[in-house]
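Number of protein chains: 2
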Amino acid sequence: KWSERKVTIFTPMSDQQETGPTMRRLSQLESVVLWNRARQIKRELKQGVKKPYREVIDISWGDPQGGGIKPLSFVRQVLAACHYPQLLNSDKLPEDVRQRAERLLKECAGRSTGSYTATQGIPYIVKGISEFITRRDGGVPSFPNNIYISSGSQWSLQVPTSLILIISSFFFTGVLTPVPCYDKVNMSIRELGGVTIPYYLHEDQGWELQIEELNRALESAKGVCNPVALYVMNPGNPTGSLPQRRSSFSWLMSEFVSYKKVLAEMGPPISETVELASFHSASKGLIGECGLRGGYVELVNVDPAVMEYIYKLFSTDSCASVPGQIALNLMTHPPQPGDPSYSLYNEVIMTITQLMRVFEVLNSVPGFSCQPVEGGGFAFPRLHLPLNAIHKAKEAGMQPDEFYCVRLLEESGLLVNPGWNFEQKEGTSHFRMNIMIKEETLEGVLRRLVSFHTKFMKEFS
Amino acid sequence: KWSERKVTIFTPMSDQQETGPTMRRLSQLESVVLWNRARQIKRELKQGVKKPYREVIDISWGDPQGGGIKPLSFVRQVLAACHYPQLLNSDKLPEDVRQRAERLLKECAGRSTGSYTATQGIPYIVKGISEFITRRDGGVPSFPNNIYISSGSQWSLQVPTSLILIISSFFFTGVLTPVPCYDKVNMSIRELGGVTIPYYLHEDQGWELQIEELNRALESAKGVCNPVALYVMNPGNPTGSLPQRRSSFSWLMSEFVSYKKVLAEMGPPISETVELASFHSASKGLIGECGLRGGYVELVNVDPAVMEYIYKLFSTDSCASVPGQIALNLMTHPPQPGDPSYSLYNEVIMTITQLMRVFEVLNSVPGFSCQPVEGGGFAFPRLHLPLNAIHKAKEAGMQPDEFYCVRLLEESGLLVNPGWNFEQKEGTSHFRMNIMIKEETLEGVLRRLVSFHTKFMKEFS
Numbered sequence: 001k002w003s004e005r006k007v008t009i010f011t012p013m014s015d016q017q018e019t020g021p022t023m024r025r026l027s028q029l030e031s032v033v034l035w036n037r038a039r040q041i042k043r044e045l046k047q048g049v050k051k052p053y054r055e056v057i058d059i060s061w062g063d064p065q066g067g068g069i070k071p072l073s074f075v076r077q078v079l080a081a082c083h084y085p086q087l088l089n090s091d092k093l094p095e096d097v098r099q100r101a102e103r104l105l106k107e108c109a110g111r112s113t114g115s116y117t118a119t120q121g122i123p124y125i126v127k128g129i130s131e132f133i134t135r136r137d138g139g140v141p142s143f144p145n146n147i148y149i150s151s152g153s154q155w156s157l158q159v160p161t162s163l164i165l166i167i168s169s170f171f172f173t174g175v176l177t178p179v180p181c182y183d184k185v186n187m188s189i190r191e192l193g194g195v196t197i198p199y200y201l202h203e204d205q206g207w208e209l210q211i212e213e214l215n216r217a218l219e220s221a222k223g224v225c226n227p228v229a230l231y232v233m234n235p236g237n238p239t240g241s242l243p244q245r246r247s248s249f250s251w252l253m254s255e256f257v258s259y260k261k262v263l264a265e266m267g268p269p270i271s272e273t274v275e276l277a278s279f280h281s282a283s284k285g286l287i288g289e290c291g292l293r294g295g296y297v298e299l300v301n302v303d304p305a306v307m308e309y310i311y312k313l314f315s316t317d318s319c320a321s322v323p324g325q326i327a328l329n330l331m332t333h334p335p336q337p338g339d340p341s342y343s344l345y346n347e348v349i350m351t352i353t354q355l356m357r358v359f360e361v362l363n364s365v366p367g368f369s370c371q372p373v374e375g376g377g378f379a380f381p382r383l384h385l386p387l388n389a390i391h392k393a394k395e396a397g398m399q400p401d402e403f404y405c406v407r408l409l410e411e412s413g414l415l416v417n418p419g420w421n422f423e424q425k426e427g428t429s430h431f432r433m434n435i436m437i438k439e440e441t442l443e444g445v446l447r448r449l450v451s452f453h454t455k456f457m458k459e460f461s
Numbered sequence: 001k002w003s004e005r006k007v008t009i010f011t012p013m014s015d016q017q018e019t020g021p022t023m024r025r026l027s028q029l030e031s032v033v034l035w036n037r038a039r040q041i042k043r044e045l046k047q048g049v050k051k052p053y054r055e056v057i058d059i060s061w062g063d064p065q066g067g068g069i070k071p072l073s074f075v076r077q078v079l080a081a082c083h084y085p086q087l088l089n090s091d092k093l094p095e096d097v098r099q100r101a102e103r104l105l106k107e108c109a110g111r112s113t114g115s116y117t118a119t120q121g122i123p124y125i126v127k128g129i130s131e132f133i134t135r136r137d138g139g140v141p142s143f144p145n146n147i148y149i150s151s152g153s154q155w156s157l158q159v160p161t162s163l164i165l166i167i168s169s170f171f172f173t174g175v176l177t178p179v180p181c182y183d184k185v186n187m188s189i190r191e192l193g194g195v196t197i198p199y200y201l202h203e204d205q206g207w208e209l210q211i212e213e214l215n216r217a218l219e220s221a222k223g224v225c226n227p228v229a230l231y232v233m234n235p236g237n238p239t240g241s242l243p244q245r246r247s248s249f250s251w252l253m254s255e256f257v258s259y260k261k262v263l264a265e266m267g268p269p270i271s272e273t274v275e276l277a278s279f280h281s282a283s284k285g286l287i288g289e290c291g292l293r294g295g296y297v298e299l300v301n302v303d304p305a306v307m308e309y310i311y312k313l314f315s316t317d318s319c320a321s322v323p324g325q326i327a328l329n330l331m332t333h334p335p336q337p338g339d340p341s342y343s344l345y346n347e348v349i350m351t352i353t354q355l356m357r358v359f360e361v362l363n364s365v366p367g368f369s370c371q372p373v374e375g376g377g378f379a380f381p382r383l384h385l386p387l388n389a390i391h392k393a394k395e396a397g398m399q400p401d402e403f404y405c406v407r408l409l410e411e412s413g414l415l416v417n418p419g420w421n422f423e424q425k426e427g428t429s430h431f432r433m434n435i436m437i438k439e440e441t442l443e444g445v446l447r448r449l450v451s452f453h454t455k456f457m458k459e460f461s
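Chains as they are written, first to last, in the UniProt record's numbering: chain A, 1 to 461; chain B, 1 to 461.
Treat the hints loosely; a few may be bogus.
Just so you know, same-sequence chains aren't split out, so a pair can sit in one copy or run between any two.
Straight-line alpha carbon distances no greater than 30 Å define the calculated DSSO-like cross-link-like pairs of lysine-lysine that follow [said to hold, decoys possible]:
# : residue 1 : residue 2
1 : LYS392    : LYS458
2 : LYS127    : LYS42
3 : LYS184    : LYS106
4 : LYS312    : LYS394
These are calculated hints, taken from the structure and not from any lab test. Every value quoted in this text rests on a predicted model; they were computed, and no experiment measured them.
Could you put together the complete structure from these sequences and hints?
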């Protein structure tokens, strides 16, 4: 009943950071020290311990609402009405809110957000997403059957990944991932048994992805694993950079370019054969609803037999959270001009001036340099640390930027995310900071940062 | 940098139902025919096609709200207020609703349900769950550090499973799973590369789990895989049965017995060494909030190093949906006597009379037999089909109970779930029906069922 076959397993012998393919079952945990200390400091402040600051500002995450940004009223009113439809009878809610909630409830089994949905998501919402994508890409068609809603794009990311890994079965399967990169991407691929092959983004060129570097990375995988997929982030996390079209080099506030649109424009055979899995989530952009957990993936050029298998993988979970699905509908179909909720929805959360301000400040202080932030909610400044500081960090058993961040937290109450967590280029130091925060808070953040930094550089120079 | 080792891989040579260990990468999909036909019939009814019924009643899922049961007002009011805190200023919401929403918002970063939470869940809610478990088990302590909230218990089930499979690395790892069993359990284990070892519940003894049968199953795994875990459902799905303590054989309306409590009462060394992962979710019980996606797992006697690894596995997803987490809080801490929402919360959704009624009807009609339903929301009656019907099914390329269910749908508009999907004992036929539905609907369901069944039995006898 069972057939036997012999295979060869490769296992990595060291657990160090590599420039070549990396397979680690047990990923390094983020610098626990830093976040543990932050929790401790918060407790101490509560207990009345005197510090040079009254509260810890945590900008180590990309969590706009956690950072004090108010959720969009339209989104919250629709959610409240969907959960508790008695609210539909009150005229306290704007007309378009009530209409939208009515429409969405009509699509829920038993008119309730408490019912399971289809595996792909509520068909009406899935169809709306495909319309949104078609609009975004200037008419390049998107088909509802290729779209899956999940509880956040993190979850759905695991499906094609595990698929890739299963298809290539007993070989080691490689995925090209950028450096620096949001750590959970590498973690997910490795936990699922895959190998990550780092390619380095070119910091001095605004974190650009370069063909030569991709070739080097591919070369490095030879004899170790079988590279089958390329992972790109758009905009980059932590870098906040947007991919450039070869023709356009106007960096600041570049236009969002959809990879799917580019693929379509390349024409056959490429446009009809290259497989693409494209992720988006309600945690991103102006809506920033991280806690509701709603994301989707669109799959392009995937073989029908594989699509059937993907359906099965998604059905191992019941369905995505209905509040998350509703958030996706509101994100892809915001109020239109003339709707009662239009003006409130379009209050600009973060002004371009605010972005420019961060860029300006971080480039005017010695020891900092920062590539322009073009999208997303993060800045990823580089730290040019004195040798003394680097030695001190080594003595303390920390990475240089981790050491810097621990001191920053300790002395100024500012919590940022060390670049080390994003697998940056060996010998460089950075940190990631969430800049999607209230304008008043941002000013305070920049003040604390510059004042600490100046002191720190003086101490170690 | 890489070390090589040779291992032997076993792969199953057939994809048929087995009584021994089963490893299938591509699980059989549920009887698609049936659900496709149901969709079609719904469309036809909309288009005005004449049928002997006006609408399809879908009781193939365990989805109380999809089945017309109203959500609990307390739950929905708290959710609405948490999403849209302006509602807290209105006196239209009961005092305890506003207090609870206030309390929960205080625990959300930025006082918003749109913020990420800690990996384990919001600490206040996690702590509340541990208190609930301690209360449920009559004082057997439960520790917050052992609890993880996830987007439904389906998701969290995958974590210990993948853990088990990873730990046992390149061996085939077996998990003992009951027959019949909710299909997604086997599917998840197999998708993750594990082997399921079926053990049969004893139908005539009220679907009891028998030691001798467990021993037989273990024996069957020898030389094929390494059995490391036992999966039990309490109450059973689809069977609706509760595990019996050896001493008590009073079947009907048995008391819920927690496996964790039993483990604790067994005393050392067993109580201190046997590892237990216990799952629960807000989709279950009276609250029945399937669409919000909130579940948790409690881990008992797991090695601290492994707990650290579990933390990492959970952190590959950002966090569970906040609405789902709130639902867990409301489920584990319902309104108390004296609270304004108490009486409304405790309106009994499904009366015991209703349960008895299903049991009575299904046992009074020839060709049906049904074990008592003791918990959960399902009945799983057995079909004693005439040989002619079994032959006819084979001709149509269907399993006997699938054939029965397709005809039931076609002729009476009733959609139930064929037992075949639950990997029942070879040669038996069943179906699962959701009985957590409105009383009026249930009467209609029983009428349609008995009338079709009588006709069907006559046709084939």
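- Item | Alpha-carbon proximity between LYS312 and LYS394, which holds within one copy, between copies, both or neither at 30 Å | For LYS312 and LYS394, the Cα distance is within 30 Å only across copies (26 Å; inside one copy 48 Å).
- State whether the alpha carbon distance between LYS184 and LYS106 is at most 30 Å within one copy, between copies, both, or neither. between (36 Å within a copy, 28 Å between copies)
- Intra- versus inter-subunit Cα pairing at 30 Å for LYS127 with LYS42: between (45 Å within a copy, 19 Å between copies)
- Query: Is it within, between, both or neither when you check LYS392 against LYS458 at 30 Å Cα-Cα?
  - Reply: within (14 Å within a copy, 88 Å between copies)
Checked against the numbered hints listed earlier, the structure breaks none of them; every hint is satisfied.
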